[in-house]
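S.K.: Read off the chains here:
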Amino acid sequence: GENVEQHPSTLSVQEGDSAVIKCTYSDSASNYFPWYKQELGKRPQLIIDIRSNVGEKKDQRIAVTLNKTAKHFSLHITETQPEDSAVYFCAATPGLSFGAGTTVTVRA
Amino acid sequence: GAGVSQSPSNKVTEKGKDVELRCDPISGHTALYWYRQSLGQGLEFLIYFQGNSAPDKSGLPSDRFSAERTGGSVSTLTIQRTQQEDSAVYLCASSLVADTGELFFGEGSRLTVL
Numbered sequence: 071g072e073n074v075e076q077h078p079s080t081l082s083v084q085e086g087d088s089a090v091i092k093c094t095y096s097d098s099a100s101n102y103f104p105w106y107k108q109e110l111g112k113r114p115q116l117i118i119d120i121r122s123n124v125g126e127k128k129d130q131r132i133a134v135t136l137n138k139t140a141k142h143f144s145l146h147i148t149e150t151q152p153e154d155s156a157v158y159f160c161a162a163t164p165g166l167s168f169g170a171g172t173t174v175t176v177r178a
Numbered sequence: 004g005a006g007v008s009q010s011p012s013n014k015v016t017e018k019g020k021d022v023e024l025r026c027d028p029i030s031g032h033t034a035l036y037w038y039r040q041s042l043g044q045g046l047e048f049l050i051y052f053q054g055n056s057a058p059d060k061s062g063l064p065s066d067r068f069s070a071e072r073t074g075g076s077v078s079t080l081t082i083q084r085t086q087q088e089d090s091a092v093y094l095c096a097s098s099l100v101a102d103t104g105e106l107f108f109g110e111g112s113r114l115t116v117l
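Protein chains in written order, with the numbering used here: chain A, 71 to 178; chain B, 4 to 117.
No lab work stands behind these hints, which were simulated from the structure alone. All C-beta atoms in this analysis are idealised placements derived from N, C-alpha and C, irrespective of residue type, glycine included. Treat the hints with caution; some may be incorrect.
Pulled a few chain B residues facing chain A out of the computed Cβ check, cut under 10 Å [to be verified]:
#1 V22
#2 G45
#3 T103
Ranges between beta-carbon positions, derived for each pair [what the hints assert, rightly or not]:
#4 A/Q84 - B/K60: 21 to 27 Å
#5 B/L117 - A/Q84: 41 to 47 Å
#6 A/T175 - B/R84: 26 to 32 Å
#7 B/S10 - A/E109: 22 to 28 Å
#8 B/K18 - A/T175: 16 to 22 Å
#9 B/E110 - A/R121: 26 to 32 Å
#10 A/R177 - B/T73: 45 to 51 Å
#11 A/E109 - B/T73: 29 to 35 Å
#12 B/S12 - A/S79: 44 to 50 Å
#13 A/S79 - B/G74: 36 to 42 Å
#14 B/T79 - A/Q84: 28 to 34 Å
#15 A/N137 - B/S10: 22 to 28 Å
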């Protein structure tokens, strides 16, 4: 699979603040970049994805940006809420290898 | 089926024994992925199939691990001569076509090697 690096490994934010997670990839042919959320004891679920022909995509409080030149993409969560607390994983094609994950904790 | 089905859900085995883990993907999904997740860790890519072919086997940790998929549907992950470090949750996921859409994950098979 593709080599994907993800930072930070943990992120603690105050409720209402924004959270940003960054990922880098190495294969210039990568063209699909999904983000998954995994709550404790549950299976990962897709929250947003972006394809290489688009630079940014938004879905309510969640947005993803892609910089193909620099080979990195980021997840932005605005107005964080306690239910956003989970582990977030980025991934990239080919083969959909995942980053190491970011544990996000939203403090009330 | 309604979702990705994995069996067994839990498997306890002795070191040195072989185990087989099964994944039944969503009907019509041509792509199937295997991942391994140790407690509190990330999703380690093992292998994926597009149809019955495995374009990328680079994630298999050693030659004790193998996987096959027949009929473009069910896949089996086999671990020979299990070691304690093989203990983890093995997750299977499927998608309509490889590398283009949402992965739907199964509940996983929790393997414990004593």
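S.K.: Just tell me: holds or violated, for the beta carbon distance of B/E110 and A/R121 against 26 to 32 Å?
M.R.: holds (29 Å)
S.K.: 22 to 28 Å was suggested as the range; check whether the CB atoms of B/S10 and A/E109 agree with it.
M.R.: Hint holds: Cβ distance 23 Å, inside 22 to 28 Å.
S.K.: The hint says 44 to 50 Å between B/S12 and A/S79; measuring C-beta to C-beta, is that right?
M.R.: Because 29 Å falls outside the window, the suggested range is violated.
S.K.: Given the range 22 to 28 Å, decide if the beta-carbon distance of A/N137 to B/S10 lies inside it.
M.R.: violated (42 Å)
S.K.: Is it true that B/T79 and A/Q84 lie within 28 to 34 Å of each other by Cβ?
M.R.: violated (47 Å)
S.K.: Does B/V22 pass the interface check with chain A, least Cβ-Cβ distance below 10 Å?
M.R.: Violated - the Cβ of B/V22 stays beyond 10 Å from chain A, reaching only about 21 Å at its closest.
S.K.: Confirm or reject the claim that A/R177 and B/T73 have a C-beta distance inside 45 to 51 Å.
M.R.: 50 Å Cβ-Cβ, so the 45 to 51 Å window holds.
S.K.: So the hint says 29 to 35 Å: do the beta-carbon atoms of A/E109 and B/T73 match that?
M.R.: holds (34 Å)
S.K.: Verify the interface restraint on B/T103: the C-beta must sit less than 10 Å from at least one C-beta of chain A.
M.R.: At about 6 Å, which falls below the 10 Å cut-off, the nearest Cβ of chain A leaves the hint on B/T103 intact, so it holds.
S.K.: Do B/K18 and A/T175 keep their Cβ atoms within the hinted range of 16 to 22 Å?
M.R.: About 37 Å separates the Cβ atoms of B/K18 and A/T175, which means 16 to 22 Å is violated.
S.K.: With chain A as the partner, please determine if B/G45 meets the hint condition of a C-beta pair closer than 10 Å.
M.R.: holds (4 Å)
S.K.: If you check the beta carbons of A/Q84 and B/K60, does the distance land in 21 to 27 Å?
M.R.: Distance hint for A/Q84, B/K60 is violated at roughly 44 Å.
The earlier numbered hints that this structure contradicts are 1, 4, 6, 8, 12, 14, 15.
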